[in-house]
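Taken in sequence, the protein lines are chains A and B. The opening residue of the first sequence carries number 1 in my numbering; numbering runs sequentially from there. The opening residue of the second sequence carries number 1 in my numbering; numbering runs sequentially from there.
Honestly, the hints are just simulated from the structure, not real lab data. We put the CB at the ideal spot given by N, CA and C, even for glycine. Take the hints with a grain of salt, since some may be wrong.
Straight line, CA to CA, 25 Å or less: simulated DMTMM-like cross-link-like pairs of lysine to aspartate or glutamate [to be verified]:
hint	chain 1	residue 1	chain 2	residue 2
1	B	K234	A	E12
2	A	K49	B	E82
3	B	K233	A	E6
4	A	K37	B	D259
5	A	K49	B	E45
6	B	K29	A	D81
7	A	K49	B	D108
8	A	K57	B	D259
One side only, chain A facing chain B, incomplete, derived with CB under 7 Å [stated by the list, open to error]:
hint	residue
9	C15
10	D59
11	P63
12	L76
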Amino acid sequence: MQLTLEFGGGLELLCDSVKIHNVDVDLPAETQKLTMKHLLPWVRSNLIKERPEMFIKGDTVRPGVLVLVNDCDWELSGQLDTTLEDKDVVVFISTLHGG
Amino acid sequence: MEESHGGDKARSRLCCICNQRRPALRRPKTLQQICRECFYVVFEEEIHRVIVDNKLFKSGERIAIGASGGKDSTVLAYVMSELNRRHNYGLDLFLLSVDEGITGYRDDSLETVKRNEVQYGLPLKVVSYKDLYGWTMDEIVKMIGLKNNCTFCGVFRRQALDRGAALLKVDKLATGHNADDIAETVLLNILRGDIARLSRCTSIITGEDGPIPRCKPFKYTYEKEIVMYAYFKKLDYFSTECIYSPNAYRGFAREFIKDLERIRPRAILDIIKSGEDFRIATSTKMPEQGTCQRCGYISSQKWCKACVLLEGLNRGLPKLGIGRTRGINGDRQKDDQQIGVKNLQSKACESLDF
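Based on the sequences and whatever the hints tell you, model everything.
Below, the structure is given as structure tokens:
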């Protein structure tokens with residue numbers, strides 16, 4: 001599945017300072033449905049190059065990291081249960097860097 | 001069930017304010033689901049209400065906006081210039097930046113502020129540590145290492161902003177401290193037992209008796225909304241962490257606040273409320289505010305902290321003013337400990353000084 005992943009607010013520093021990543025993510029074999037729950041560990045192992053604890057805490061993003069799916073706050077779409085579709089745009093923004 | 005495509009994964013389909021458009025975010029303050037357009041309106045109008053209800057500004061005043069190039073000050077500069085126009089505040093707005101002299105950090109963020117100067121049409125004044133104190137942070141770190149460097153930076157920044165504000169001849173300085181920052185500072189001041197700072201850190205205006213009062217128009221504004229606003233409006237801000245800041249102690253408080261927010265977003269406003277409502281026992285001795293005998297800056301000691309630190313640097317004794325060494329104000333140390341004013345040693349980054 002083709003997705004566009006965008007990192008901002010300092011999170012891009014964890015992935016070689018590249019903000020926008022066009023990626024191809026395999027659907028999980030058991031469900032054939034990609035959710036944010038599947039995407040986060042994929043991002044962690046494929047895109048995050050350093051300090052993963054700035055991005056992930058437990059099984060979700062670190063508190064203070066905002067997530068938008070197609071420019072919509074993921075708190076409105078069920079957070080980890082948000083289902084992703086081909087060509088979706090997922091944005092991660094850290095609020096934790098200086099003001 | 002097949003979900004249709006593009007931005008409508010939201011379970012409830014419509015904005016609960018306009019009932020017409022799809023919601024774009026959930027407000028932490030109210031848990032309302034609102035669309036982008038309604039968000040802009042409520043975000044800006046709430047700040048307008050805070051400004052009016054607390055009488056933060058008077059028509060005709062010259063106001064400096066402390067601008068670091070980061071998200072909070074960038075959004076503050078944008079919103080303040082919008083509101084000034086829309087509601088005819090009659091304010092003369094300026095951007096005021098401090099150049100600490102940190103290569104690879106402040107030089108880059110100052111470029112952002114210079115773009116903001118053009119984008120928002122606000123005149124910019126930059127004051128540098130090098131000009132004011134004769135030292136850059138790079139030089140200070142070379143001399144003292146990475147321990148206590150944030151103390152120097154925090155003490156110097158506070159004074160640098162005041163000096164810059166005086167040069168601009170402004171009546172007031174507005175800073176971008178947001179609700180999350182203030183909740184965090186309430187907790188830190190409790191953890192440090194710093195009763196003097198605890199009692200003033202929630203004030204929306206401080207230093208009214210001094211030459212340049214400061215105010216915080218974002219006192220009730222959530223960091224999440226500031227970042228969302230900057231993202232939706234595509235505002236140009238800089239988001240790299242200071243290369244010298246270990247930020248450990250404040251970092252823990254910050255993480256704790258964010259954990260709380262996830263469970264119950266109102267917690268942030270409630271902590272601020274708790275901070276406001278603390279009653280300080282009348283038997284608690286507060287440090288007396290006087291003026292520095294050397295530079296005339298506000299100080300509870302013979303010399304202000306900046307002068308003590310600077311004297312240490314210039315005499316090659318950078319530990320002066322740090323920790324429990326007896327120095328210029330040594331005769332006061334005993335009294336300080338009695339009234340519970342701690343030295344600065346255990347404090348991490350002071351960039352959120354109040």
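Here's how the hints hold up against the structure:
1. B:K234 x A:E12: Holds, at roughly 17 Å.
2. A:K49 x B:E82: Violated: K49 (chain A) and E82 (chain B) sit about 40 Å apart, past 25 Å.
3. B:K233 x A:E6: 16 Å, holds
4. A:K37 x B:D259: 19 Å, holds
5. A:K49 x B:E45: 41 Å, violated
6. B:K29 x A:D81: 23 Å, holds
7. A:K49 x B:D108: 23 Å, holds
8. A:K57 x B:D259: Distance of about 10 Å is within 25 Å: holds.
9. C15: 14 Å, violated
10. D59: 13 Å, violated
11. P63: Cβ of P63 (chain A) sits 4 Å from chain B, so the hint holds.
12. L76: It holds, given that the least Cβ distance between L76 (chain A) and chain B is near 4 Å, below 7 Å.
In this structure, the earlier hints numbered 2, 5, 9 and 10 are contradicted, and the remaining ones agree with it.
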